[in-house]
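J.: Each chain is listed here by its residues.
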Amino acid sequence: MAAAVTACRSSERGPIVSVRGCSAAVALTVAALAVGGCSNQRQAADKPASGYTPGVLTKDFAGTSVHVMMPPWAKLPDSVLTGFTEQTGIKVEWETLDYDQLHDKIVAMQAANTAPADVLEMDSGWVGQFGAAGWDTDLRGYLSPATIGDAVGTKAFSYQGQQVGVAYSLDFRGSAFNMTLLRKAGVTKVPESYADVIAAAKAVKSAGLAKYPVGFPLVISDGSAAAWYSLLRSSGGQILDADRKPALTNGSAAVDSLQFLRTLHDEGLLDPGSVQLDDGKVDSAFAAGQSAIVLAESPGALTTYASPKDSRISKDEVVFAHTPGANGADGASLGVQEALSIPKASKHKEAAAMLITWWLQAGHQAAAYTNPDGGGGYIPANKAALEDVDRQGKLMGGKQIIALLQTIEPVIVNGPPTWYAKFNREAASMVQNVAVGRTEPKQGVDDLQAQVDRLGK
Amino acid sequence: MSSQTVRAAGLRRTGVPARAAARRRENRRAYLLISVALLIIGSLVLYPSAHSLVGSFFANQLGEADHSFVGVANYRRVLTDSGFRTALTNTFGYLVALSILLFGIGLGLATWLRALSGRVRTVAITLVILPWAVPGTISGALWALILNPTGSGLLNSVLTKLGLISTNVTWIHDPRIGTLMIGVMVAWSAAPFAAIILLAGLEGIPQELYESAEVDRATRWQQFRHITLPLLRPAIALVALTGALSAIGLYDQVFVLVGNDPQRITLTGQIYLSAFQDFDFGFGYAASVLATVLSALFAFGYLKFVYREVEY
Numbered sequence: 001m002a003a004a005v006t007a008c009r010s011s012e013r014g015p016i017v018s019v020r021g022c023s024a025a026v027a028l029t030v031a032a033l034a035v036g037g038c039s040n041q042r043q044a045a046d047k048p049a050s051g052y053t054p055g056v057l058t059k060d061f062a063g064t065s066v067h068v069m070m071p072p073w074a075k076l077p078d079s080v081l082t083g084f085t086e087q088t089g090i091k092v093e094w095e096t097l098d099y100d101q102l103h104d105k106i107v108a109m110q111a112a113n114t115a116p117a118d119v120l121e122m123d124s125g126w127v128g129q130f131g132a133a134g135w136d137t138d139l140r141g142y143l144s145p146a147t148i149g150d151a152v153g154t155k156a157f158s159y160q161g162q163q164v165g166v167a168y169s170l171d172f173r174g175s176a177f178n179m180t181l182l183r184k185a186g187v188t189k190v191p192e193s194y195a196d197v198i199a200a201a202k203a204v205k206s207a208g209l210a211k212y213p214v215g216f217p218l219v220i221s222d223g224s225a226a227a228w229y230s231l232l233r234s235s236g237g238q239i240l241d242a243d244r245k246p247a248l249t250n251g252s253a254a255v256d257s258l259q260f261l262r263t264l265h266d267e268g269l270l271d272p273g274s275v276q277l278d279d280g281k282v283d284s285a286f287a288a289g290q291s292a293i294v295l296a297e298s299p300g301a302l303t304t305y306a307s308p309k310d311s312r313i314s315k316d317e318v319v320f321a322h323t324p325g326a327n328g329a330d331g332a333s334l335g336v337q338e339a340l341s342i343p344k345a346s347k348h349k350e351a352a353a354m355l356i357t358w359w360l361q362a363g364h365q366a367a368a369y370t371n372p373d374g375g376g377g378y379i380p381a382n383k384a385a386l387e388d389v390d391r392q393g394k395l396m397g398g399k400q401i402i403a404l405l406q407t408i409e410p411v412i413v414n415g416p417p418t419w420y421a422k423f424n425r426e427a428a429s430m431v432q433n434v435a436v437g438r439t440e441p442k443q444g445v446d447d448l449q450a451q452v453d454r455l456g457k
Numbered sequence: 458m459s460s461q462t463v464r465a466a467g468l469r470r471t472g473v474p475a476r477a478a479a480r481r482r483e484n485r486r487a488y489l490l491i492s493v494a495l496l497i498i499g500s501l502v503l504y505p506s507a508h509s510l511v512g513s514f515f516a517n518q519l520g521e522a523d524h525s526f527v528g529v530a531n532y533r534r535v536l537t538d539s540g541f542r543t544a545l546t547n548t549f550g551y552l553v554a555l556s557i558l559l560f561g562i563g564l565g566l567a568t569w570l571r572a573l574s575g576r577v578r579t580v581a582i583t584l585v586i587l588p589w590a591v592p593g594t595i596s597g598a599l600w601a602l603i604l605n606p607t608g609s610g611l612l613n614s615v616l617t618k619l620g621l622i623s624t625n626v627t628w629i630h631d632p633r634i635g636t637l638m639i640g641v642m643v644a645w646s647a648a649p650f651a652a653i654i655l656l657a658g659l660e661g662i663p664q665e666l667y668e669s670a671e672v673d674r675a676t677r678w679q680q681f682r683h684i685t686l687p688l689l690r691p692a693i694a695l696v697a698l699t700g701a702l703s704a705i706g707l708y709d710q711v712f713v714l715v716g717n718d719p720q721r722i723t724l725t726g727q728i729y730l731s732a733f734q735d736f737d738f739g740f741g742y743a744a745s746v747l748a749t750v751l752s753a754l755f756a757f758g759y760l761k762f763v764y765r766e767v768e769y
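Residue numbers (the working numbering), protein chains in the order written: chain D, 1 to 457; chain F, 458 to 769.
Isolated chain D (complex conformation) (with noise of 0.2 Å):
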């Protein structure tokens, strides 16, 4: 301000501009500032027009354009949403964006109060922020409690009793094996353990089948801190007990999953640029041929894998299985679902609600997975789309899959807290260091555990 003030007095001509005249100019932008901080703060209402009935797919909001905002897997034919705009009138407006950029988007557009679009991406682990900050809309008031109830996963999306997204994705994290290169090595059985696992890419190197034949993410992403989750899981370690009390250091489940990884770097096992993969890359690696194991992925890769146009390994025997544990297959599977949320900015929530509606209808679900040109490859959410695409025998994976899914739990039973994004690149950010040798595995475990205090207090 006191800059603004000297521009105005000086010039070499005298003051032509008075101070008084200068008060008026910076009164001027201070209420420009406030007027629109003030519409900032403004939110429409959270709760459904009058008329507006959950679950009925009317044309009360033809016209309307609904803008949805989702990572790059999780599409829907163009049938399907020709299909919604036909019987509602609705237009959709598709964004894809990367999940890093997503996540960022969504938060800096919600911090200032403004909708990054009218259907938003949820990730389990967002759910402690993102309801603390109070964004999203309560789906139970514009969502029909059948559409709710039917998908599974959705006890997740529930913060305080408000039920902030509803799921559309099962995802979880299990692990992949070439076993068409394993059994070239001698490797007959899908591994197990993390023994197993260490024979195994012992073997396919050995007999030059791959330079670095196994596959884990160890860049500084949410995705890496989740695939050490998955091996903690794995192993029956967790990060809080149902208590939310820390429980990383109960047991040696933590310490085990850390000193597994840790040799397979110093082996030579796992190459040492992991340090900057991500999931995507590490599946590229082994849809290239150049990994025989890629541990604690999403089985939606296997679409990816079974794509001639994608992989070269599209004829090769790919098994999904569980993530190998210390003392075997075991442990949990981590659950990672995906739901569909509505931002309390939407101008449009009745018409954002109505195309949810129609996403999460068994028959649109089962459409997204099995359709080549539009679906994502996620699994449907929805019980009876699983069971359709099941008994098609169109599910990826099939029956394993649908084993799997038994084992299913979240990263933290009872949802993640509000501190959990930075407790996630802690996390990642040990796991790299311990792997490539710079801290030791007791000394990582025993850091994150005193991080995991001082951010829960």
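Just so you know, the hints here were simulated from the structure itself, not pulled from any lab data.
A portion of the hints provided could be inaccurate.
Claimed, not checked - Quick list of in silico lysine to aspartate or glutamate cross-link-like pairs, EDC-like style, CA-CA up to 16 Å: (1) D/K47 to D/D138; (2) D/K347 to D/E93; (3) D/K105 to F/D709; (4) D/K245 to D/D453; (5) D/K457 to F/E521; (6) D/K457 to F/D523; (7) D/K457 to D/D243; (8) D/K189 to D/E317; (9) D/K59 to D/D100.
What you are looking at is a predicted structure, and each value in this text was computed from that prediction instead of being measured.
Starting from the known structure of chain D, arrange chain F on it as the hints suggest.
T.: What follows is chain F alone, placed relative to chain D:
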């Protein structure tokens, strides 16, 4: 009083209001123009700066009801935070690497460009300036391909084929060279600007000074040390300041290259994480105020100790 004098006095009497009216019109126009500038500066610079400064003295964390005045507690938290200290150390590392590279590459390019003439010079300047026009995210993506630590990385692939390395090098994560590699990446984008500034400085140095020095049998090094370097001080100060501010504000290129890796994170990256990932706005405000103060200190230091008015 003659009639002529009366007419003149009358003119004076009617001329004063006319001039005042003209002056008011001029003032109104000036107010209008200043208001637009004030609105832009106020909304994009002053308001956010004031908001950050005020906010840095209050508790403000997502999900916490406490929004009370906390004095300098946020600053204390920032200064004792290990993440912030790492980011600060990294940023200083980038600043040093970038400053050296900017000056070295910039001066080399400027000297080369100065020796050229005609169309060759025009084409050379156009080519040199190109990397500067590349957006930070694109530059980061290009360097990510070059420095990819796996077998598909361009640099690793070339060095392996030449037989210079047998295992892939993790260029960015190697503690011995990581900082330098990031400095190289940023210098690739920023050096053209430095070269143009230094070229302008070099062109401003009168040729007669060098001719006199040659008559006095001064060596090339002596000419550089006693003529070029002192007379280039304004340009050097500007290049050094640009380098420092680029390093302190560095974010996009490093983010594209390694994400939010704490090992390589920048000051701006850490501020972003605090505010928009951890939602600790009080911490973020305090950290951004400290970054602004740091930038101001560098600007002051370079202008005070490096910059000199030069007269020929």
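J.: Hint by hint, say whether it matches the structure.
T.: The hints, checked one at a time:
A C-alpha spacing of about 9 Å is found between D/K47 and D/D138, which places the hinted pair at or below 16 Å, so the restraint holds. About 15 Å separates the Cα atoms of D/K347 and D/E93, which keeps this hinted pair within 16 Å; it holds. Among the hinted pairs, D/K105 with F/D709 is consistent with the structure: their alpha-carbon atoms are about 15 Å apart, no more than 16 Å. Under the criterion of a C-alpha separation no larger than 16 Å, the hint pairing D/K245 with D/D453 is consistent with the structure, at around 9 Å.
A distance of roughly 12 Å separates the Cα atoms of D/K457 and F/E521; the hinted pair therefore holds under the 16 Å criterion. Between D/K457 and F/D523 the alpha-carbon distance is near 14 Å, which keeps this suggested pair within the 16 Å criterion. Taken as a hint, the D/K457 and D/D243 pair is honoured in the structure, with Cα atoms around 14 Å apart against an allowance of 16 Å. For the given pair, D/K189 sits about 13 Å from D/E317 by alpha-carbon distance, which is consistent with the 16 Å threshold.
For the proposed pair D/K59 and D/D100, the alpha carbon gap of about 35 Å is over 16 Å, so the pair is violated.
When held up to the earlier numbered hints, the structure conflicts with hint 9 and nothing else.
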